[in-house]
Amino acid sequence: MTGTTVAQPAAPPAAGVRHPGALRAGRWLLDQSLNVFSGLVIVYLLAPIAVIIWFSFNDTHSRFNFVWQGFTLKHWKDPFGVPGLLDALKVSIEIAALSTVIATALGTMMALALVRYQFRARGATNFFIFLPLATPEIVLGASLLSLFLSLGVNTGFNTILIAHVMFNISFVVVTVRSRLIGFDRSLEEAAQDLGANSIQTFVRVTLPLIAPGVLAAALLAFALSIDDFVITNFNSGSTVTYPLFIWGAARVSIPPQVNIVATMMFVVTLIAAVLTVLQQLRAEKIASVRPEQEAV
Amino acid sequence: MERTLTASSDSRAAGGPLPSVRLVGVTKRFGDVVAVDHVSIDIARGEFFTLLGPSGCGKTTTLRLIAGFEEPTEGTILVDGVDMEGVPAFRRPPNTVFQSYALFPHLSVEENVAFGLRRKGVDKKEIARRVGEELELVGLAGERKRKPRQLSGGQQQRVALARALVNRPAVLLLDEPLGALDLKLRKNLQVELKRIQREVGITFVYVTHDQEEALTMSDRIAVMNRGVVEQCDTPEAVYDRPRTTFVAGFIGVSNLMPGVVVSANGGPARVRLDSGVEATAQADGLRSGERCWAVVRPEKLTLLSADEPAPPDRPSVRGLVESSLYLGTATQFVVRLPDGVTMTVLVPNVDEEARRRLPGAGDDVRLSWATQHMHVVREEGSRVGEGAATSGDGQRAQAPGDSAGPAEPALTEEGK
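Order-wise, the sequence lines are chains Y and H.
Counting from 1, one number per residue, gives the positions in the first sequence under the numbering used here.
Counting from 1001, one number per residue, gives the positions in the second sequence under the numbering used here.
Same shape as in the complex, but just chain Y (with noise of 0.2 Å):
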């Protein structure tokens, strides 16, 4: 690691000796200190997610994907090529695009709801809306089964999504509220003057100024959903997806395919975090326009 034999130098000078070269290497540590720290950080992050990386190209033999046995890509000709995967890919990627629709369209009116007016429950609103973040992963899975059970629900594919839109809705209340606050409400009153009714100024003002919460919102409970394996594992019945796929090949052997589909996954992921980046960088240049005129 780079971290480590740079750290050599640092080593304290020896006592009384003040050693010009050793001054010299401790100073120059200290002005880098934020990036070797920073270095150590991304290469924690991403060790893993190479090594999945790496070992997609594994010309493997055995059942299993653990020991380096030399480069092929054959794999990649085939990266659906295992039994199932490719069908538990489907489900989970079905359910994450339902969940976060669904979650991100009541989710963004119910932030709407809780910033813009008063009522009776907002309160207990929005403070039960973080029970779901708070609560355990596990616990909300076994109590929603108990609760599906109860009710005579088969599980399956609806329950799942029923599952995942309930702890998705939460992140993008919290995502969407905090971009509607200090939202600037003379717009909608200047587009209601103009002769737009609600749903004109909804979809001409507000979305387009909220649009990039709403995005981050979205993004987020996709990521969430794709790979939920606890909440998904209780109310799951005999349907697959992805993760309950790989958690089930594990135990008998895991191909190199599970690799690639990871790998796919992720590069998405980055793909889509970028955008989200620029995104959120654009909004902050709209939004830099409101000081400037409050600045009476």
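What the hints contain is simulated information worked out from the structure, not anything from laboratory work.
Owing to the predicted nature of the structure, the values given are computational and were not obtained by experimental measurement.
A few of these clues could be false.
[To be verified] On the chain H side, residues computed to face chain Y include the following (Cβ under 10 Å):
no.: 1; residue: Phe1090
no.: 2; residue: Phe1115
no.: 3; residue: Leu1173
no.: 4; residue: Arg1195
Note that the Cβ used here is the ideal one computed from N, Cα and C, for glycine as well.
Chain Y is fixed; fit chain H onto it per the hints.
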């Protein structure tokens, strides 16, 4: 409590038979707070009408009531004779220029201005033509593709104006539109706003706390205080003949001398000031024995040295010069009268010779004025402390007798 809601009781610049905007006994309460208290105004077509007052006086709330962002608790608002009750803001004829401009940050200048016409479903070519014309009018034709954040404060203000004017509203509501701009730009835009208003002939309802701005631009001014219209009149009348001590103090320098009405019979009243001077002055609705204040504007006072004889037919009082200040066009004196009241006097600097003869600090002087320049207003102790609850619309000729008897003599000092 009885109130006479005579909408036409205010003296008003002659307009069409149908007022552009009419407020009849409009009251707005937010919980226990009375923001607007029984306001009745008629605004004529094509008039430049200003709501003037200190912050919190209810002027912006009045504007928001006309725009439809708030519904009145009581009273009626008519625009072009149509009752606006229950009509949502997006269906009301007036357009608004917001204090913060409220330009849509995600839309270009052009799209901002076109917003209203698009909502009305105007033909695309027509929109392009009218938006072009409007941007021409406010001098922003070259900035049509830019976003609001790329414009200066003055330019943003013009876009806000163009965005409202392009819809050719019957009434334009302006909420301190120049408040965020620096002095020089504000002066320029005052002239420009007045020009545009004359050109397009739209009724302007203008909200400001700047008395100078109100005096220069308006056809008529409604001076508001604590939710009440204290006086509604032309700039000249509001300045020369204030009806209340508040108006006298808020517009210009307040030169108030306390006194008592000796005799009154509807027209001119005989007033004895606490400094001993007796004079006859115009005093609307005052009764004998009532406490009152006499107002004389600083430039209407003549400064004489103490040994000069008092001119006949002109009331005069003796005083002591506390300070004198050279202002360029005039010299400003602060003179303390025997009863402790201080008066401000403005003496124009006509030539240096005359200036050299002017008294300095510590000199005994005599102040005199023409009776027609003295205006008497009622003591307003009752209003202070009791808030807006006791006040009527300030337009009444007759106070409701004993029910609002003055308690402590005190002056409303806001707005200074």
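Each hint tested on the structure:
no.	hint	result
1	Phe1090	holds (5 Å)
2	Phe1115	holds (5 Å)
3	Leu1173	holds (8 Å)
4	Arg1195	violated (24 Å)
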